[in-house]
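Here's the letter readout for the chains.
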Amino acid sequence: MPYHEFEVSKCIPERKMHAVVKGPGEDLTHALPKGYLNTIPGTISERGCAYCGAKHVIGTPMKDVIHLSHGPVGCTYDTWQTKRYISDNNNFQLKYTFASDVKEKHIVFGAEKLLKQNILEAFDAFPDIKRMTIYQTCATALIGDDIAAIAEEVMTERPEVDIFVCNSPGFGGPSQSGGHHKINIAWLNQKVGTVEPEITSDYVINYVGEYNIQGDQEVMLDYFKRMGIQVLSTFTGNGTYDALRGMHRAHLNVLECARSAEYICDELRARYGIPRLDIDGFGHKALGDSLRKIGLFFGIEDRAEAIIAEETARWKPELDWYRERLQGKRVCLWPGGSKLWHWAHAIQEEMGVKVVSVYTKFGHQGDMEKGVSRCGEGALAIDDPNELEGQEALLTLKPDVIFTGKRPGEVAKKMRVPYLNAHAYHNGPYKGFEGWVRFARDIYNAVYSPMHQLSAIDISKDDYATDKGFVTRRMLSDANLSDEAKASPITGYTGPFDPIPGLRGKSYPAFERRVATEAAE
Amino acid sequence: MNCEVKAKDRIGTINPIFTCQPAGAQYASIGVKDCIGIVHGGQGCVMFVRLLISQHLKESFEIASSSVHEDGAVFGALDRVETAVDVLLSRYPHVKVVPIITTCSTEVIGDDVDGLITKLEEGLLAEKFADREVHLLPIHTPSFVGSMVSGYDVAVRDFVKKFARKGEPNGKINLITGWVNPGDVKELKHLLKEMDIEATVLFEIESFDSPLMPDGKAVSHGSTTVEDLQSTGSAIHTFALNRYEGAKAAQFLEKKLKVPSTIGPTPIGIRNTDALLRKLSAVTGKPIPESLVRERGIALDAIADVAHMFLADKKVAIYGNPDLVIGLAEFCLDLEMRPKLLLLGDDNSGYVDDPRIKALQDNVDYPMEIVTNADFWDLEDRVKNKGLELDLILGHSKGRFVSIDYNIPMVRVGFPTYDRAGIFRNPVVGYAGATWLAEQMANALFNDMEVKKNKEWLLNVW
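So the protein sequences, as listed, match chains A and B. Under the UniProt record's numbering, the residue at position 360 of the first sequence is numbered 360, and the numbers go up by one with no gaps. Under the UniProt record's numbering, the residue at position 314 of the second sequence is numbered 314, and the numbers go up by one with no gaps.
These are calculated hints, taken from the structure and not from any lab test. On a predicted model such as this, the values are computed, not experimentally measured, just so you know. Careful, some of the hints might be misleading.
Claimed, not checked - Calculated cross-link-like contacts (lysine to aspartate or glutamate; reagent style EDC-like; alpha-carbon spacing at most 16 Å):
#1 K384(B) x D124(A)
#2 K414(A) x D215(B)
#3 K414(A) x D209(B)
#4 K398(A) x D215(B)
#5 K225(A) x E305(A)
#6 K161(B) x D114(B)
#7 K217(B) x E392(A)
#8 K103(A) x D114(B)
#9 K95(A) x D419(B)
#10 K96(B) x E70(B)
#11 K95(A) x D405(B)
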């Protein structure tokens, strides 16, 4: 029987269809949990809302924009400073958030006047910023404020500014995923095609579904630039508003997080004929294959191969050092939407760990298809997990480490399972050849923490040798390794605390244009 | 007058200091034992508040959502609450108290939560959970009214209102802590113990500083029980330490159940702690013991080392929960410092009538601003564009970039303080809190002197 029934969920039988265990010889036709259905109230689900899916996940990483939420102050406050989407403009989008501060009188009499004054105030406070995104919230959706009309009014009065309106109230859909969809389509409908970008390369892409968590986007852009590819825009991490208005001129959409951003790629294909290429910045093999695919598309495979060779030579030995020491470590891979399939196969193949469970909070069945197919036998896959099911799974699966969000990480900590932040990372970036080693390093540091070992000991009862003044990670991780492995001159990751500043301001080789005149047209 | 109280002169909010009412109700609810609240609204209203509180306490805890989706927003979502109560009770057999906390969306659509609770009490609870002790209560916290501070105040009142009963006088006092940290609760309980006073502490969150145990079974939870709440009606006196976070409950107990009450003082600093102990002594007849005279002396000894040499005349901006901000400002003045700007982050019209604020206005001999309905732009704009010079910022983590970008040292205090380790573990109240605050401020200034090479040699001899 593929479906897995949790003891704690026997009283809500419909939950049974939301978890499966992949049995011997089984594939997707045997085992696929339901996904993206309405949440069962009161389960203590970990899902967020459609407002946060639009504003917090996709909208706010756009870096040169005033992000104004039209509603009471809480939506804005709560989704502010809880992510790590950095930018190369001094993190404006992380530091500043704007709320129209809707009060009771506005609920009764309407908040459009309030909104307009808010817009003007915000632009006046930051005279260098000329772009704005306005996010609807539950309250202003219900009172029916016409945000688009107000935005138009301001744009007419102040022709130098441009405003994007995203109508995605919190209740719009079962999870944050509803908001991803809405903002994708809204951006396409309102803004794509309103700026004509300058084309400077024969190879032009949009980099889509990438949010520059701890600098991921900047790592990937480095590879693209080394290949002579012009990245017209990034949707949305470290991306600029006006660059994203010119998305329609790319030759290829390179899509990273398909869960949150496939919608805009599919529509760009339908409306502008731009093909979609799904790639993966996580894992040496997946990343190498991704660069090869892009190279193949443009006929510049040699440039991809050169990067892969250089980066692999530099970082693979360090990755392998961790792989040897993480063999068979049991992992619960419990992220939000897409990392279950981005990571499942790659961490098993390249870090030697065993994924014993995957879950997705807001993924759809398609994410589960990919996730389950990339897991091994016996893996437990859970859709829309809740607090008690998570605890039951941790007790039965006894993982060595869990990759999940901050608050569920606290639950795991108490149950003596070390946690890594799957959304914001511990010490990322995790994308890129180097980033992948940083991820392995963080896993190793978590699993072999001497403090973690100590926390298992009951000082009043257990018999344990207190003859040592300290224990190092290496003493723990190398205990059962061969003498040859123990003698390795490598000691783990050798990169800096933050590799991103080194990428900013880096210069790149100029590649000769193939057909200069054609490109100029 | 040197000290002006004025509202923010803009209509919108740039970087809010507070979140909205339901967050305050949720913070209060986790202080109750065997209680899991259901927030009636979109899922983000819970998910992000749990994240926020867990960032602050570095702990997890449970709060449920009614998960209102589009159909509920259009047709009414009471059925979602019905299901939520059923599912929650079925899966959490220990749960006795379920507050239904409303949000902006469900207040706008007008869901009759009070009526539903009566229906559930007569139906679901009587039928399916007849052998269980279960209490449902509505807490109305529309996000477009007040702030997280008033949400906390409303929730505390509603919990007390739901449970308090007049019984035989039990000789105890009620201590309503207000929005504090586990470290504060510990210090308050310590003071009461030294005074030999029995108290019901509401809402008791000390055990949110919980251990990591070898069996992996430790959980963080509030410690205020249903019995504690019921007994509040039989207490000899209520002390609500904070005027804006708990006074409503104290007033309810006084009015309806004739339990006399004292609002304040927020025991921040030596003087306010003295005042609290004196009042406790007056009400209970218990003398202030030698042990507390000694603790007070230890605090004064520590403060004497830093106050007039280092802290005197330092210019400070303070923001956060109003009672905290006022208490800190009062303590700073006792430390010879100069609070220049106090930011109170909501539009409560009562602030101007607060006697503590009036006292500041009457006695401060240098220019000081108090801004209500304030946001962080009220701080940053003054620093960046209007020449406000500061030596120190006191406030919570959401204002961290003002400190970082303008090189102003900052002591983390209040809620939330996720960007420094262990802040929640330390008190700001009581004599121990006074010591901690003074030393944190001094150390922040010392560190700043060294980073900026500004008389960093001064500390060669101290």
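Consistency of the hints with the structure:
1. K384(B) x D124(A): Cα-Cα ~14 Å, so holds.
2. K414(A) x D215(B): Cα-Cα ~9 Å, so holds.
3. K414(A) x D209(B): With a Cα-Cα distance of about 12 Å, the restraint between K414(A) and D209(B) holds, given a limit of 16 Å.
4. K398(A) x D215(B): 13 Å, holds
5. K225(A) x E305(A): Satisfied, since the Cα-Cα distance of roughly 14 Å is no more than 16 Å.
6. K161(B) x D114(B): 14 Å, holds
7. K217(B) x E392(A): 12 Å, holds
8. K103(A) x D114(B): With a Cα-Cα distance of about 23 Å, the restraint between K103(A) and D114(B) is violated, given a limit of 16 Å.
9. K95(A) x D419(B): Within the cut-off at roughly 14 Å; holds.
10. K96(B) x E70(B): 30 Å, violated
11. K95(A) x D405(B): With Cα atoms ~10 Å apart, K95(A) and D405(B) stay inside 16 Å; holds.
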